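Trainee: Letter by letter, the chains look like this.
2 protein chains.
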Amino acid sequence: MGKYIFGIDVGGTSVKFGLFCEEGSLLEKWEIPTQTEENGKWILPDVAEAILGKWKERGLRKEEIIGVGVGVPGPVSRTGEVPAAVNLHWGYKDVAGELEQALGLKVKVGNDANVAALGEMWAGGGKGAENLIMVTLGTGVGGGIIVDGKIVTGAHGAGGEIGHAILEPGEAEPCNCGNHGCLEQMASATGIARLAGRRLAADSAPSVLRGERVTAKAVFDAYKAGDSVAAEIVEQFADYLGRAMAVYACVTDPEVFVIGGGVSKAGKVLIEVVEKYYMKYAFPACRAARLVLATLGNEAGIYGAAKLVMED
Amino acid sequence: MGKYIFGIDVGGTSVKFGLFCEEGSLLEKWEIPTQTEENGKWILPDVAEAILGKWKERGLRKEEIIGVGVGVPGPVSRTGEVPAAVNLHWGYKDVAGELEQALGLKVKVGNDANVAALGEMWAGGGKGAENLIMVTLGTGVGGGIIVDGKIVTGAHGAGGEIGHAILEPGEAEPCNCGNHGCLEQMASATGIARLAGRRLAADSAPSVLRGERVTAKAVFDAYKAGDSVAAEIVEQFADYLGRAMAVYACVTDPEVFVIGGGVSKAGKVLIEVVEKYYMKYAFPACRAARLVLATLGNEAGIYGAAKLVMED
Numbered sequence: 001m002g003k004y005i006f007g008i009d010v011g012g013t014s015v016k017f018g019l020f021c022e023e024g025s026l027l028e029k030w031e032i033p034t035q036t037e038e039n040g041k042w043i044l045p046d047v048a049e050a051i052l053g054k055w056k057e058r059g060l061r062k063e064e065i066i067g068v069g070v071g072v073p074g075p076v077s078r079t080g081e082v083p084a085a086v087n088l089h090w091g092y093k094d095v096a097g098e099l100e101q102a103l104g105l106k107v108k109v110g111n112d113a114n115v116a117a118l119g120e121m122w123a124g125g126g127k128g129a130e131n132l133i134m135v136t137l138g139t140g141v142g143g144g145i146i147v148d149g150k151i152v153t154g155a156h157g158a159g160g161e162i163g164h165a166i167l168e169p170g171e172a173e174p175c176n177c178g179n180h181g182c183l184e185q186m187a188s189a190t191g192i193a194r195l196a197g198r199r200l201a202a203d204s205a206p207s208v209l210r211g212e213r214v215t216a217k218a219v220f221d222a223y224k225a226g227d228s229v230a231a232e233i234v235e236q237f238a239d240y241l242g243r244a245m246a247v248y249a250c251v252t253d254p255e256v257f258v259i260g261g262g263v264s265k266a267g268k269v270l271i272e273v274v275e276k277y278y279m280k281y282a283f284p285a286c287r288a289a290r291l292v293l294a295t296l297g298n299e300a301g302i303y304g305a306a307k308l309v310m311e312d
Numbered sequence: 001m002g003k004y005i006f007g008i009d010v011g012g013t014s015v016k017f018g019l020f021c022e023e024g025s026l027l028e029k030w031e032i033p034t035q036t037e038e039n040g041k042w043i044l045p046d047v048a049e050a051i052l053g054k055w056k057e058r059g060l061r062k063e064e065i066i067g068v069g070v071g072v073p074g075p076v077s078r079t080g081e082v083p084a085a086v087n088l089h090w091g092y093k094d095v096a097g098e099l100e101q102a103l104g105l106k107v108k109v110g111n112d113a114n115v116a117a118l119g120e121m122w123a124g125g126g127k128g129a130e131n132l133i134m135v136t137l138g139t140g141v142g143g144g145i146i147v148d149g150k151i152v153t154g155a156h157g158a159g160g161e162i163g164h165a166i167l168e169p170g171e172a173e174p175c176n177c178g179n180h181g182c183l184e185q186m187a188s189a190t191g192i193a194r195l196a197g198r199r200l201a202a203d204s205a206p207s208v209l210r211g212e213r214v215t216a217k218a219v220f221d222a223y224k225a226g227d228s229v230a231a232e233i234v235e236q237f238a239d240y241l242g243r244a245m246a247v248y249a250c251v252t253d254p255e256v257f258v259i260g261g262g263v264s265k266a267g268k269v270l271i272e273v274v275e276k277y278y279m280k281y282a283f284p285a286c287r288a289a290r291l292v293l294a295t296l297g298n299e300a301g302i303y304g305a306a307k308l309v310m311e312d
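Sequences listed follow chains Z and F, in order. For the first sequence, the UniProt record's numbering assigns the number 1 to the initial residue and increments by one for each residue that follows. For the second sequence, the UniProt record's numbering assigns the number 1 to the initial residue and increments by one for each residue that follows.
FYI, nobody ran anything at the bench for these hints, they're computed from the structure. Be aware that a few hints might be false.
Treat identical chains as interchangeable: a pair holds within one or across any two.
Claimed, not checked - When the alpha-carbon atoms are kept at most 25 Å apart in a straight line, the in silico SDA-like pairs for lysine to any residue are as follows: (1) Lys268 x Glu28; (2) Lys150 x Met310; (3) Lys276 x Glu49; (4) Lys41 x Gly197; (5) Lys276 x Glu173; (6) Lys3 x Ala102; (7) Lys127 x Thr295; (8) Lys127 x Ala202; (9) Lys280 x Gly74.
For clarity, every value in this text was computed on a predicted model and none was experimentally measured.
Just chain Z, with the same shape it has in the complex (with noise of 0.2 Å):
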């Protein structure tokens, strides 16, 4: 008789669950919405009722749910605690503990961006390898770092925070997190953004991207039909990323990149432009990682968040 887990992931809009069973397979899944009203104090038990229904739904025994994984958009302790989540209006809460109390199952909850690069190892492209790091190009840089198959979740909750790698300690305007030259501002959707305003602005070299709104997704878009001057953005850049994580390798050293997020929708061309730079910069032994498209996309989170139970 095989055993279930249920994989969370709490997301500022909606929550996202699945229902695995032990050796992988994802058997359902489904979200409800986020209620962040009244500082989000809705939203674990709507989390609870949501497990309790398909709990009862399914007619499952206790003894067979091994327990209960949570990504949260957050700091997360190592007890299961958050001390704020800012997407969620979230102060203090004890995630693990509220949700064990309503449950009566075992809870271990994860940082969200640690935990999807948990999920890609486990069932998506980091698939086999234990020393993996996970590279998310959304609006932000996120990312997640494994050694030896778990998450390093730092001494302050940081681990895995790489998109503020300072590359450009000269850089004028400030990052999010108020520091100035982050990865963050030249390699997420909205820094390939700049860095396109930026070079478009510098001179009046004819190129499709002119005159419309530019996104990233414009950038790559021209960038596969030939436009010299996206070309240019493109590879500015891949050097920066590729520079940021030739200096993650040589602290983790890791067996694969997994690359995510909605930047990475633009595909194989976005892998081959980046290997290029990250081998020209990567310490010789470093360089016979492999970089690979994330291939769960908005389900790297549930997979990852099963996996956590899993893994002790």
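Chain Z is fixed; fit chain F onto it per the hints.
Mentor: Just chain F, lined up with the frame of chain Z:
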């Protein structure tokens, strides 16, 4: 009845031995010359003989000995094999296998820089921390990453090769690794001397450093004596090192950085100036990390090697 551990640090000129009790006291230490002749074929037999001699001399019973830990200057596989170690004139060597066969004891092997980091965690500047980054500023810049009390070896034995983080991709001179602009080129003893040479050549500002052979020690001595050119060099070094450490921090988010190696003999002033730049560049949550000096000096290797045996 207490148990015993042998901690061994195999260097290019001498092999250091320590006999520890499991609580961590160093009962006795000694060393023998490293015989690198004939591709270093006598090194491991010499090590085994020295251990067997001490074992007999002390009248230890086999069941009283937990095992033997060994640090070697080169990459080490999970199974204790060394693909090559240039300073020992070794090609492939099954260090764990050879010593286990000769001694009939459990043998654990690690890279010397990583093992030193473990030693500083166990009994040195990082005592009490489970998440630590050691930065060794010697002829080169080495390092060791500890996550949850364990060494991060990496997928290709390059975990902790933090001296090869590229900070100045436009640097014209190559690093020993073949890349350009690695931290090692700015923060090692030779790197600091190099920064000093450049600064002194840039103009004719008066400095006590002029006219003598410029070493890292001379730079720090002049800095302590109030020399303003030396201060510029030290600030430049600290800016690079502090920025590099801030990048490492956003990967594994350590509780403490332990700074060791010959350059660290400059003492407290070194910590103060590096901390200034680390705080400037670090991701906010990572600013809670402490910077401390290594305290075990040349004994970090034997302590860490002993701890390696106790790890599992």
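Trainee: 25 Å Cα cut-off: does lysine 268 pair with glutamate 28 within a copy, between copies, both or neither?
Mentor: Result: close neither inside a copy nor across copies, 30 Å intra and 58 Å inter.
Trainee: Measure nothing new, just compare the shortest in-copy and cross-copy C-alpha distances for lysine 276 and glutamate 173 to 25 Å and report within, between, both or neither.
Mentor: between (28 Å within a copy, 21 Å between copies)
Trainee: For lysine 3 vs alanine 102, is the C-alpha pair at or below 25 Å within one copy, between two copies, both, or neither?
Mentor: within (20 Å within a copy, 47 Å between copies)
Trainee: Between lysine 41 and glycine 197, at a C-alpha cutoff of 25 Å, which is it: within one copy, between copies, both, or neither?
Mentor: neither (41 Å within a copy, 61 Å between copies)
Trainee: With 25 Å as the alpha-carbon cut-off, assign the pair lysine 127 and threonine 295 to within, between, both or neither.
Mentor: This pair counts as within: shortest intra-copy Cα distance 10 Å, inter-copy 41 Å.
Trainee: First find the shortest C-alpha distance between lysine 276 and glutamate 49 inside one copy, then the shortest across copies, and answer within, between, both or neither for a cut-off of 25 Å.
Mentor: neither (49 Å within a copy, 49 Å between copies)
Trainee: Using 25 Å as the alpha-carbon threshold, which applies to lysine 280 and glycine 74: within, between, both, or neither?
Mentor: For lysine 280 and glycine 74, only the inter-copy Cα distance (23 Å) is at most 25 Å; the intra-copy one is 34 Å.
Trainee: Under a CA distance limit of 25 Å, which applies to lysine 150 and methionine 310: within one copy, between copies, both, or neither?
Mentor: both (11 Å within a copy, 21 Å between copies)
Trainee: My question is about lysine 127 and alanine 202: at a cut-off of 25 Å on alpha-carbon distance, are they close within one copy, between copies, both, or neither?
Mentor: For lysine 127 and alanine 202, the Cα distance exceeds 25 Å both inside one copy (43 Å) and across copies (53 Å).
In summary, the structure is inconsistent with hints 1, 3, 4, 8 from the numbered list given earlier, while agreeing with the others.
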